[in-house]
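Asks: The residues making up each chain are set out below.
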Amino acid sequence: MKKIFTSVLLFNILWALPPATFSQDILSGGKVTGNVHVDAQVYSADSILGISDSSLNFKKFGMNGFANVLYSNGDFNAGLRFEGYLNPMVGFDPRYEDVGIPYWFVNYKLGKLEMTAGHFYDQFGSGLVLRSWEEWTLGYDNNIYGFNAKFSPVKGIMIKGLAGVQRYFWEPYQTNNRGIVKGFDGDFFINDIFKGLSEAKTKIILGGSFVSRYEQPSVKIFTRDSAYITVDHGDTINWIKKTTYQYDLPYNVGCWAARMNLASGGFNFYAEYAEKGNDPNATNNWIYKNGQALYSTLSYSAKGLGVFLSTKWIDNMSFKSKMNESGNPAMLDINYLPAISKEHGYSLATMYPYGTKPNGEAGFKGEVVYTIPKKTKIGGEYGTTLSLNYSFANSIKKEQTLPGIPIDSTGTNGYRSNFLSIGDLPYYRDLNFLIERKFSSKVKTKLAYFNQTYNLHVIEENIFNDAVIVYTHIAVLDLTYKFTAKHSLKLEAQGLWTKEDDGDWTAVSLEYNVSPAWYLSFMDEWNYGNPDNDKQIHYYNISFGYTQKSNRIALRYGRQREGLLCVGGVCRYVPASTGLTITLTSTF
Amino acid sequence: MKYLIFSLLSLCILIQIHAQEGNKNYGKIPAVDIRTMDGKTFNTADISNEGKPVIITFWATWCKPCLKEHEAINEVYEEWVDETGLKLYAVSIDNARSSKSVMPLVNGKGWTFDVLLDENGDLKRALNVNIPPHTFIADGKGNILWQHVGYLEGDEHEYVEIVKKIIKGEKID
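In order, the protein sequence lines correspond to chains A and B.
All residue numbers for the first sequence refer to my numbering, where the first residue is -5 and numbers rise by one.
All residue numbers for the second sequence refer to my numbering, where the first residue is 17 and numbers rise by one.
Hints listed in this document are in silico derivations from the structure and should not be mistaken for laboratory results.
Small disclaimer: the values here were computed from a predicted structure and weren't measured.
Keep in mind that a hint or two might mislead.
[Said to hold, decoys possible] Some chain B residues judged to face chain A by a derived CB distance under 8 Å, without partners named:
1. 43
2. 80
3. 114
4. 116
5. 166
All C-beta atoms, glycine included, are put in the ideal place defined by N, C-alpha and C.
Take the sequences, apply the hints, and build the full model.
Replies: Written out as structure tokens, the structure reads:
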């Protein structure tokens, strides 16, 4: 309690100082800026959703908040983030319950060298071997606590080196409670390095990285049963032989990656290939197989047309700071394996979202965006934009290493796979089409259709030996009507139709905007098609928000389905709850 | 106790909202390495517009209000440039999942302003951005004089008014 009180006091001192202080120079030339964000919820019991005081563990009030303070003075920067989860809101891991400073840093630039000490975020290439990042709305933070150096010896070359330990909730690092991460990365912009190529039409960027994790393994054993039969005086005896093995676990696990980017005219080609050494861990069932990944994209752009193709192939690429770590929420990931599917903005289209399967997946995504020019017969007065997107993810082909050893057997090499093979089990498919058209200065519409295939067993339960698939059709109408330059009304009507899982849904939202100050909205999502009559629930809510420059307060009351929420100018991921939600955000 | 902490925090934020002064200087645009759409490193210290104001917006391909904001800005951008000479940098915070599809989307929609990629959120953190949309307006010397969170239909009209006030040397609201 005392700890909380002193933290709040400190916090308020930082906050309640007259704003003039923050806009004045401090320590000759320095500047202080920052932000504060608080999400708070007051939960109500809701018998329809099965929420009661005891199911909430009597935690009727949840609050997640943070404040960043940044000090900059020329080449010197320092900052910290104060966070408090009192109690963590529903949907956030209870291990976050605490208050304190989980992130601080000092950073200095000295000519071509930049050094950071403390907590930092960084990414090598597209993140296949290293990415430390944070996303507040997801409760994700794998920042690295240690040292980071960036050096640019000549124009066009950037070398990075880092070493540290990753964040695990509020747990300070102690020897062997997690691994130590080290890495270095080189990025080479060829056209700047070789002066003769600086005016060339084709731009080439090459890069490479190496990352290593050191962790002292604990003693880990497993037993394997084998059955055999003996015959004794005509009697058949069934025996089971139990053999105990100890895993020979590596102290050091390394990953390397190489990448290239070619840009020429309207074309852009990117490819990154990564490999991981022996890394038996809790995610891959402790097998010794190497990991491999390829991420590649090709795009073509011209004014009014964009074409995009990408492919992602992953085999055993879960790479964490701790061998034993697994489950939800994902913690201590050293690398980042993004989902191949497109992130949608409409709530029903995000009902069945896809997340990468790090043990193996083959995916593809294609997208075309075309704008029919304005002032043409088909395009209309303002032009019409058409977008088409298709993505899929499948398993990869896995074969037994030796006859008699099943695929993924613990303590073995696991399986054999061919690079870029596509397996037979579908994980996810998503086809969507969007038309956007402005009809007049008052009316704008968007019409969208989605066709999704979602392998529920694989995605939600990690069951890979059969397919329980949900097929959905989704349609959205998004209409904005402007009464005046500052007053507008937005209507969104959505429908989701499926014969599986929870059945059909419909969603309607109405939002009234008064630019730039406030909005009022009403929304309802209704699971009218649920096969269980008692579960045909209305997820209704009403929201109000007031914005003044970079400060905003928003209130929402009602029932919130878990998913993505976009209202009154801001989009966030939100967990399920019933009650009042208050959001305060301010940047100073 | 928790209610007390929460009320104290809200009180502080409300004080902050009501104590805003005009022509507050939020500091210079920080020097952070991000990338252009073709993958080349771009340091934000190189953002300049020959002494004329600059607008910096944060957006993402998955952020619906951000897309609406930029579609609305695109309709009037040429007019804005003619009237004031301003320059817009739209910084996408799409991470590796969608960053490579930013260029075809921007070109497919026919957006005519500069787009930069802040894949790992480095500029977002340096400017204390919480959630997109978030828009900053800086004067010709790189000093950020105004910022705004969220997007409601019609907000873009305010941006050009602020730019005009900066050019005339007037006090902003």
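Asks: Does each hint hold? Answer for all of them.
Replies: Checked hints:
For residue 43(B), the interface hint holds, the least distance from its beta-carbon to any beta-carbon of chain A being 4 Å, beneath 8 Å. Interface restraint check for residue 80(B): the shortest CB-CB distance to chain A comes to about 4 Å, inside 8 Å, so the restraint holds. With a cut of 8 Å, the hint placing residue 114(B) at the interface with chain A holds, because the nearest CB-to-CB distance is about 6 Å. Of the supplied interface hints, the one on residue 116(B) holds, with its beta-carbon coming within about 4 Å of a beta-carbon of chain A, less than 8 Å.
Because the smallest distance between the Cβ of residue 166(B) and any Cβ of chain A comes to about 3 Å, under 8 Å, the interface hint for this residue holds.
Violation of the numbered hints given earlier is absent; every hint is satisfied by the structure.
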